[in-house]
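Novice: Please work from the sequences and hints to get the whole structure.
For the protein sequence lines, the chains are A and B, in the order given.
Residue 1 is where the first sequence starts when you use the numbering used here, and the numbers rise one by one after that.
Residue 1 is where the second sequence starts when you use the numbering used here, and the numbers rise one by one after that.
For the record, the hints were derived by calculation from the structure and aren't laboratory data.
Watch out, some of these pointers could steer you wrong.
[Stated by the list, open to error] Here chain B is said to cover these stretches of chain A; the calculated rule only asks that three of the stretch's residues, wherever they fall, bring their Cβ under 8 Å from a Cβ of chain B:
#1 160–166
#2 290–297
[Claimed, not checked] Beyond 10 Å from chain B on every Cβ pair, some chain A residues (computed):
#3 F18
#4 S21
#5 G102
#6 V154
#7 N223
#8 S243
#9 E253
[To be verified] Pairs of lysine-lysine residues, derived as DSBU-like cross-links and limited to a Cα-Cα distance of at most 35 Å, are as follows:
#10 B:K340 with A:K95
#11 B:K331 with A:K95
#12 B:K145 with B:K72
In this text, a Cβ means the ideal position worked out from N, Cα and C, and glycines have one as well.
The residues making up each chain are set out below.
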Amino acid sequence: MLPEVLDVYIRLLGELGFNPSSTHAGGLRALARLDDARRIIARYLDCSPDEIIFTSGGTESINLAILGTAASMGRRPKRALTTAGEHDAVIETMKVLRDVHGFDVGFVAITREGVVDEVALISALEEAPCGLVSFLVVSNETGAINDVRHLSSVIRQYAPQALIHGDIVQVCGKMPFSFKNSGLDFASLSGHKFGAPKGTGVLLKRRDVALSPIIHGGGQQMNIRSGTEDVPGAYALALALQSQAARLNEHVEHVAALRDRFLCEIDALRLPYSVLSPEGASPYVLSIAFPGIRGETLLNALSAEDIYISTGSACGSKRAGENHVLSAMGFDREMILSAVRISFSQQQSIDDVQYLARRIGDLYDRYAMPVRR
Amino acid sequence: MTDRFNNVRELLLVRIGEITLKGLNRGRFVARLIGNMRRRIKDLGEFSIEQSHSRIWIHSLSGNPLMKEVAKRLSSVFGIVSISPALEFEPDWETLVRVVEDYAKDILAGAGKRTFKLETRRVNKEFPMSSYEVSSELGARLLTKYPDQLSVQMVDPDIIFHVEIRDMIYVYHETISGHAGLPVGMSGRGMLLLSGGIDSPVAGYMMASRGMIIEAVYFHTFPYTSQQALDKVENLARILSRYAGRIAFHVVDFTDIQLELNDKVPEDMLTVVMRRVMMRIAEKLARERNAKAIITGESLGQVASQTAEALMTTDIVVDLPVFRPLIGLDKNDTVTLARKIGTFETSILPYDDCCTVFVSKHPKTHPSLLDAERAESRIDMDAIIEASKEKISTKLIDLSFEKSD
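Specialist: Shown next, in the form of structure tokens:
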């Protein structure tokens, strides 16, 4: 969490323990803060305050967008498309759409560069009318960036009735984003990815689009997301966004420098490696493979030194060698087994990444085994 | 119940099956079993545990007897065939009627209609009624008392009320199955090669059920295998200790040895040589710990390292008997056992162990002894085994004092 956000968050937990739906003075104060949060978020994500629905995080936002749309499809065709590069939150929810709600669900291929394969997308859109499309804007695995505006306009062109959901979890606080210009009907984001507390998130919903609730109760948040609002969490999310936005360019430059320096250092070690992240990817995440050592081995060894990296997606504890995104990009099992995912952030220094590269070099020397087949 | 009647005591009646056949050694078996039972329930209060009439009788000596919890824990102690929570009182007909009526009331509370029968055993011939008379009279009294809920059914009724008339009368209806076998400690000590898989915990359980004290050895290959993999194996040992009692858990830091093997052993023989090294280390450890056998979870033909030839090449490096209780078992039967003893869910957690990380793509399935010896020719085996002594850490795992869940 960002330190300046943590301070305010803790203070609000104490001061604003009121229910914003209550009409007493405490409740009204909480409501006012919630409105403040909406205004701040609206400013930085270029949307209207009434297009903001607070949730418990990215996963809930995605579930709400997809399942809530499914329940208010009207005359739209019960066919949904997403891509092979999505986070599990989208993939698993799409499976529910297919298995429980009887939708026809298609998974569009991604390219070797990890972005949506536009030709495959267009042919899937032409194949049959489509009512919902969901795609990942920045990949959590590789940092690959889809051009959100362009993809949205392609989808509109071939499927004018379709609602479009964008997973912008890896976008917020890391690159500029305009909901208004994105062409999206929904966008999901998660607070803890940019310095807000865990358990905070937002679904952006275009004002003129209908959405059914998936959580029922007291009718809060325009009856789309019942449950007493977490005012300190919402406000902390807004503050974190504001704080990141203020220094966005500076941060991105720093993080890009960290990644580039790390790659230079790795290159100088003269050990075998392959960068799986494509050119032009978001610098915040790097997918890189070191053939000869398993990603898990490297993760375990670094973890013993309190250096934390990932293999696959940190959300699931999968069996070795399975990563649906890297597979969809065409990498083979051996490459995936030796892949790790390194997250860079503005809190790290050049020294940190130099050290990391050196440690990887040492551990590689000690533990790598020649691939003997 | 005990509050409502004076002089009615709760107790557990424990049946001990196989041990009663032990002739002259029987006393030792029973003493060991009682010792094991005591350890298992030590933290639950004070109990008197006595053996007579081929059974073990447990009375609580402290105020608040947690007889349900006691019965549950004891059901996993080897040597016990079954347990019945029972009531005990002076042999008197009117007391018997009142107690059984009251006992039935508790069982029937909220239970709807139930069929029942009575089974009476009269050992004390001074009791004025025959067992037949007791059953029919008592049955009649119950039917009068609970006409809407109870009806008699002789074959497979819902409830069987057992009445045993001895020096005292004992009434019970419930029989909790135990895991039978022999008391742990009666058959020496075995060194179990414990991996994170499904088989080896079951093998340990089976040998413990024949009275062996179990020690476990795990070969840890950090960072190739994770801390989670080690935690998982320790958890398996912990589950095993519910049955086997205290387990000494040895962890061998196997990484350097593994690296050397990777370097110097032909790839298709890597698994066989790795297992031969593990067996040698286990044997050395077994001798130090005074264990009389090595235990593995191998099953013939299950994987490449478990063919007859591969087993022969691993067996031959040790001079202790190698017990493989699963050798002729179908995998499905092993899984059934793993589920029964509660290790299955832990075993299938997806952390790699060394057997999966270092598996070669095309291992030799029918290695000869000569193959194995040749494969080891570049290794200083004595040095490896000697050095392994410094790489072993040992931890005692004892569930006896933790609450079972």
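Novice: Each hint should be assessed against the structure and marked as holding or not.
Specialist: For each hint, the structure was consulted:
{"no.": "1", "hint": "160–166", "verdict": "violated (count 0)"}
{"no.": "2", "hint": "290–297", "verdict": "holds (count 3)"}
{"no.": "3", "hint": "F18", "verdict": "holds (40 Å)"}
{"no.": "4", "hint": "S21", "verdict": "holds (41 Å)"}
{"no.": "5", "hint": "G102", "verdict": "holds (32 Å)"}
{"no.": "6", "hint": "V154", "verdict": "holds (39 Å)"}
{"no.": "7", "hint": "N223", "verdict": "holds (41 Å)"}
{"no.": "8", "hint": "S243", "verdict": "holds (35 Å)"}
{"no.": "9", "hint": "E253", "verdict": "holds (34 Å)"}
{"no.": "10", "hint": "B:K340 with A:K95", "verdict": "holds (34 Å)"}
{"no.": "11", "hint": "B:K331 with A:K95", "verdict": "holds (33 Å)"}
{"no.": "12", "hint": "B:K145 with B:K72", "verdict": "holds (32 Å)"}
When the structure is compared with the earlier hints, a violation turns up for hint 1 alone.
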